[in-house]
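> Same order as they appear, the protein sequences are chains A and B. Residues 0 to 468, numbered by numbering that gives the first Met the number 0, are exactly what the first sequence covers, in order. Residues 0 to 857, numbered by numbering that gives the first Met the number 0, are exactly what the second sequence covers, in order.
It is worth saying that the hints were derived from the structure and are not from the lab. Take the hints with a grain of salt, since some may be wrong.
What the hints assert, rightly or not - Think about it this way: if two alpha-carbon atoms lie no more than 30 Å apart in a straight line, the pair counts; the simulated DSS-like pairs of lysine-lysine are:
| # | chain 1 | residue 1 | chain 2 | residue 2 |
| --- | --- | --- | --- | --- |
| 1 | A | Lys20 | B | Lys662 |
| 2 | B | Lys454 | A | Lys327 |
| 3 | A | Lys20 | B | Lys639 |
| 4 | B | Lys620 | A | Lys408 |
| 5 | B | Lys87 | A | Lys325 |
| 6 | A | Lys426 | B | Lys66 |
| 7 | A | Lys34 | B | Lys454 |
| 8 | A | Lys378 | B | Lys364 |
| 9 | B | Lys87 | B | Lys66 |
| 10 | A | Lys156 | B | Lys364 |
| 11 | B | Lys639 | A | Lys169 |
| 12 | A | Lys440 | B | Lys364 |
| 13 | A | Lys177 | B | Lys454 |
| 14 | A | Lys95 | B | Lys87 |
| 15 | A | Lys24 | B | Lys639 |
| 16 | A | Lys312 | B | Lys614 |
| 17 | A | Lys34 | B | Lys639 |
| 18 | A | Lys391 | B | Lys578 |
| 19 | B | Lys614 | A | Lys408 |
The structure presented is a predicted model; accordingly, all values stated were derived computationally and were not measured.
The primary structure of each chain is shown beneath.
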Amino acid sequence: MLLQITTTHQPATDLGYVLHKHPDKFQSVEFSMGKAHIFYPEVSEEKTSICLLLDIDPINMVRSGRNNDSNNFVLAHYVNDRPYVASSFLSVALAKTFSTAMNGKCKDKPELVDTKMPFEVSISVVSAPSGGENLIRNLFLPLGYTVSLERQTLDNKFPEWGESKYYKLKLQHTLTTKELLSHLYVLIPTLDNDKHYFVSSNEIEKLLQKGEGWLKDHPKKEQIAKRYLVNLNSLTRQALERLSEGEAVNNAKDEDDFLEKTEVEKRKETLHDVRIKLVAEKIAALAAENVLDLGCGEGKLIRQLLKQKQIKKIVGMDVSYGDLLKAKERLHYDQMSPKQKERIQLIQGSLTYKDKRFEGFEVATLVEVIEHLDPNRLKALERVVFEFAQPKTVILTTPNKEYNVMWEKLAADQLRHTDHRFEWTRKEFADWTQQICENYKYEVSLLPIGEEIENIGGPSQMAIFTYGN
Amino acid sequence: MEIKIPELSLVALMGASGSGKSSFARKHFKPTEIVSSDTCRGLVSDDENSLFATSDAFDVLYYIARKRLKNGLLTVIDATNVQQESRKGIIELAREYHCLPVAIVLLLSEDVCQARNQHRPDRNFGAHVIRQQYIQLKKSLRNLKKEGFRYVYVLRSEEEVNAVQHIQREKLYNDKKDETGPFDIIGDIHGCFDELQELLQKLGYTIVKVEANEQNFGFNVSVPDNRKIIFLGDFIDRGPDSPNVLRLVMSMVNAGTAYCVPGNHDLKLQKYLVGKKVQLKHGLEITVQQLTNESEAFKQSVENFLYSLISHYVFDDGKLVVAHAGLKEEMQGRGSAAVRAFCLYGETTGEIDEFGLPVRYNWAKEYRGKAKVVYGHTPVPEAEWLNKTIDIDTGCVFGGKLTAFRYPEEELVSVSARQVYCEPAKPLQQQENTLAFSSQQAYDDLLDIEDVIGKRIVQTRLRHNITLREENSIAALEVMSRFSVNPKWLMYLPPTMSSCATSDLPDFLEYPAQALNYYKKRGVQKVICEEKHMGSRAILVICQNETAATQRFGIANEGLGICYTRTGRNFFNDTAVEKAFISRVNMALTKSGFWEKFDTNWVCLDAELMPWSAKAQSLLKDQYAAVGAAASGALPEVQKTLQMAVARGVEDATPFYENFQQKTACIHQYIHAYQHYCWQVNSLDDYKLAPFHILATEAAVHTDKNHEWHMQNIAEICPADPQLLMATPYKIVDFADQNTFDDAVAWWLQLTGKGGEGMVVKPYDFIAYQKQELLQPAIKCRGKEYLRIIYGPEYDLAENITRLKKRGLSRKQSLAIREFALGVEALERFVRREPLRRIHESVFGVLALESEEVDPRL
């Protein structure tokens, strides 16, 4: 909420000229969510300091947020950190109050525009996303700043709750005012996960304009672009393409994750690709004509299966309607030819309710699904799939718990995903599949997924059940 | 001519173009009952005479007819129907929906038709068309019965057509909806005459042997309390005395003291008696033997009697259906060969099992009908409810027992077989499950998606129909599937609670007067004010022991009970803690003598579980404490710089300095407010459980007791574990006594002054109405400091509170009432031992409504 810029440039009072703000006035500017105040707590030839204070009206923010069809929880709540953090609101206020300086103009002392001054900037407070201190440093260090951070405790009365995600940030550097302001303008919202304004293609222009001359060479430019243009993939891609001036952009991998991926996440991702590929191969080998993908999520497997010509019908089921909508989008369902459309059907359903729509399939797949069910609900899933839907073949995968020791960042006893209710060893999985076979007249073969390690097995495991024994 | 047709029939009008079918239809049927091919042609082509549209038009016609017949509505097909092919479709349609096809033929002379058509410029087809139609129809006449029309009426002239004044609609023979009972329904007797007599006597009937005459076959049975017997068929075969069973049944039916539906065995005997060739096996050979000494006249009477029997009956305004082998919903009250066959044999898969008997398909598993179905045919060890159906053939002739089902009491009365008269081909139906579950519980192990998805309408006792929109069901399905506990535990979800209307006092957003006045204005005499604890809502289902969990809930190996949140999630993430917690509550109940006092072995409690921080850990850290931390970091810096500016003499900085000082004070109060509801939990002793409703125990939903009763009965449990359990302080307000009103307001000020959340005002009676209108079950009134964590740290600054006072409660209150009605409905269904899907439907409904968008701060 508070940005303080201090300089020891001689004379330090030049700050008033270059920022085009009178040192003895308390000025206020209105903007959509409240007011921005500009004032000087300290003015002397040796040292001058200017503050930009955001005075956000939380009630107005909530109420106008609601009208703006915002799905953003943070903005929809009266108990809100927005009034106290340096967020994208601060960038808006910067642009509004220091527009002259940002445009590199100074009427009274034009020579100041290109003068590098020693600056000390303090921001109270910034919120660091997951990535934390490192992310903040990685944003500012490459630009030559000295960075110091002071983290806030969550609650002094409950030290066991740990640290908060808020920092007081101090930066030091000698550079032109315009450079300083454009860095702040771009990088402050980059730190913030919750953008307050609707991201539109106009944002690209702003990013490119303010990033002119420095963003292109910033080692974290991709991340900056992604985070700045939060939630809009195609915009990110456009922006990156334009940034790299025609060079190919290497972002083909996963388009939707803005965060710096941890080692675990990256490996999980490639594992998932391996898994999907293997499942698709098994289905191809069966020459199945119809497939039921139970727990299809965003449709990764469906996308693979569409390539198999022999498959006439793919039904993707998921309990999350949101995921189904994403799947539809990912598959470009609405743009598909009628013939292609006929092959796909996406339905909301649940593996704990029996469902006539699941009947009559040659193959059903459950890729990384069962571990998302509480163990006492597993019985219901078994009956739904093996007793009632009774497909000829069931291809089922689940993590191999034994392999967890190979993920360095995974604590002992920690599961791979917060929504996993259990993870099984190879033995536990084998026992379960055996019991399925006995109860529901299936035969099973088990195989590892991913590279196997002695005595540990593969990272994931697969069971292929065949009806009739 | 008098035309009589069954109430539910499919009427096919027949006649050449111009024979006056449409006028006839308009005269004798409601416009909505008529589906006309010409109209359908018009609908699909804008031209009622278009021949190109015929195929589409008939698609529409059949579609409409199907929907009507499915809904049990008489339907008239207004088309020429002169050709056999076109009539074939109508016969098939009637069979599909088990209603009787009726033909009404307008066979007017060709000249009349020609003349009429000439007056209609839109009909320009040639004379030859009409001639051909006339000839085809005339030829068809003698085949109509053979084609399958059960009633055929032919009108041969305009005079005859005009002479039809009225078409008489007759009730079906199976329609006994006016008969409300009470009944004693008796299952398969199979010649077990001794047991039959004993059972009747046990039921209070007196049997006197009399001389047979034309009206009586040898027994005079006097009936207690206007009751009637319903015999479910299979009187004969296998057992020792089929003739006397027949005599008794026939005597009672003749005397009008019994109804009777036929069984498959009875009809086989009838066939035998009329001389058809039947195989003398499955016990028929014994009956035939027993009948050898009977007179021809008696055998003739038996044959007539059996022939006259109606295959099923619908009683008591459609609430009770009886048939020998049961009956699916879509066949109830209808008539067709398929209905009759189902009544006699039930549904079979066509396969033969290892004992050489046909494999029966258990239609009752899929039964969703509103009527209760009482039936026999398949011997079972015990009569048990399954989806509102009950099979009461308890295999007397196989050494089981003879059972009567008393309606409406729903009691079972049995007498044991005196001996095994016949060895069953296979042991009495093997139990499908090895645990001690009932059939219903075993069946309920798996819910069906069809019972929850899509737009749904749930009927509740408190508030009639409640509609759940599809998008809400979508959200509820995800939450239910991913997070909720075993649905067998989930007998209740609590309704949302509205806050009181906004106060007009300048410093308060909420104040008790508005909460109290909500009820006062609506004519409620007395209310209860309960202290509102700031923790998390918890529903507890606790069983006396694991046997109770298995027997009453059909749940094995999940412990003594459960504690779940207001959205049906497990309250505790740690199973060991959960188990210890449940067992402590269980012990407290045992120690306080709860089980004996309530004559129950389980209870459902509605409670608040503290501390708030135990469950809301992530909300606290990510939101409440986070905001506090951000503000605590930023505001001192702001203060410092503003102070420097003021010290420098910057004009206009002073008011902002003061304003931000105020903000800093607000943040401190805010942090203090949420901290008040947090404490660290190291062991079970750090939890506090404050139950406030004893929702249900065996055979009782306690919504008929007032809230003071709930408070007092809970207060009696609490001393059994004072460390964990907490009785809730309360005040009663009697609107006749202003002192009690003022007292409650003062109490609230005192509670909230100490940092308390506030209070909940409820009508003294659990369920309160104003005229027909269900009132809010509870209204909350929250304290000034507590509201800081709802409306933001600075909510009470003058410029903020005036804006916040604009808030609308109607949506929230409407939700609260609907959810309340659904919640109580779920409890009542559970206590009535209805199938799980019926309970789940209501609970699911609460969850679905909870996904509706409403201001979460209210």
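> Lys614/B and Lys408/A were given as a pair; does the straight-line alpha-carbon distance stay at or below 30 Å?
The given pair, whose Cα atoms are some 27 Å apart, holds under the 30 Å limit.
> Within a Cα-Cα threshold of 30 Å, do Lys156/A and Lys364/B meet the stated pairing?
This hinted pair is violated, its Cα atoms lying about 58 Å apart.
> Do the alpha carbons of Lys454/B and Lys327/A lie within 30 Å of each other, as the hint requires?
23 Å, holds
> So if I understand the rule, the pair passes when the alpha-carbon distance is 30 Å or less; does Lys20/A with Lys662/B pass?
Holds: Lys20/A and Lys662/B sit about 27 Å apart, inside 30 Å.
> Just to be careful, I want the Cα atoms of Lys24/A and Lys639/B compared with a cutoff of 30 Å; is the pair within it?
The given pair, whose Cα atoms are some 18 Å apart, holds under the 30 Å limit.
> Are Lys20/A and Lys639/B close enough, with their CA atoms no more than 30 Å apart?
Holds - the C-alpha atoms of Lys639/B and Lys20/A are around 21 Å apart, at most 30 Å.
> Within a Cα-Cα threshold of 30 Å, do Lys34/A and Lys454/B meet the stated pairing?
Judged against 30 Å, a Cα distance of about 47 Å means the pair is violated.
> Between the alpha carbons of Lys378/A and Lys364/B, is the straight-line distance 30 Å or under?
OK: Lys378/A and Lys364/B at ~19 Å, within 30 Å.
> With the threshold set at 30 Å, check whether the alpha-carbon distance from Lys87/B to Lys325/A stays at or below it.
49 Å, violated
> So if I understand the rule, the pair passes when the alpha-carbon distance is 30 Å or less; does Lys177/A with Lys454/B pass?
59 Å, violated
> Taken at face value, is the distance from the CA of Lys169/A to the CA of Lys639/B at most 30 Å?
16 Å, holds
> Taking 30 Å as the top limit, are the C-alpha atoms of Lys440/A and Lys364/B close enough?
Since the Cα atoms of Lys440/A and Lys364/B sit roughly 22 Å apart, the hinted pair holds (cutoff 30 Å).
Checked against the numbered hints given earlier, the structure breaks hints 5, 6, 7, 10, 13, 14, 16, 18 and satisfies all the rest.
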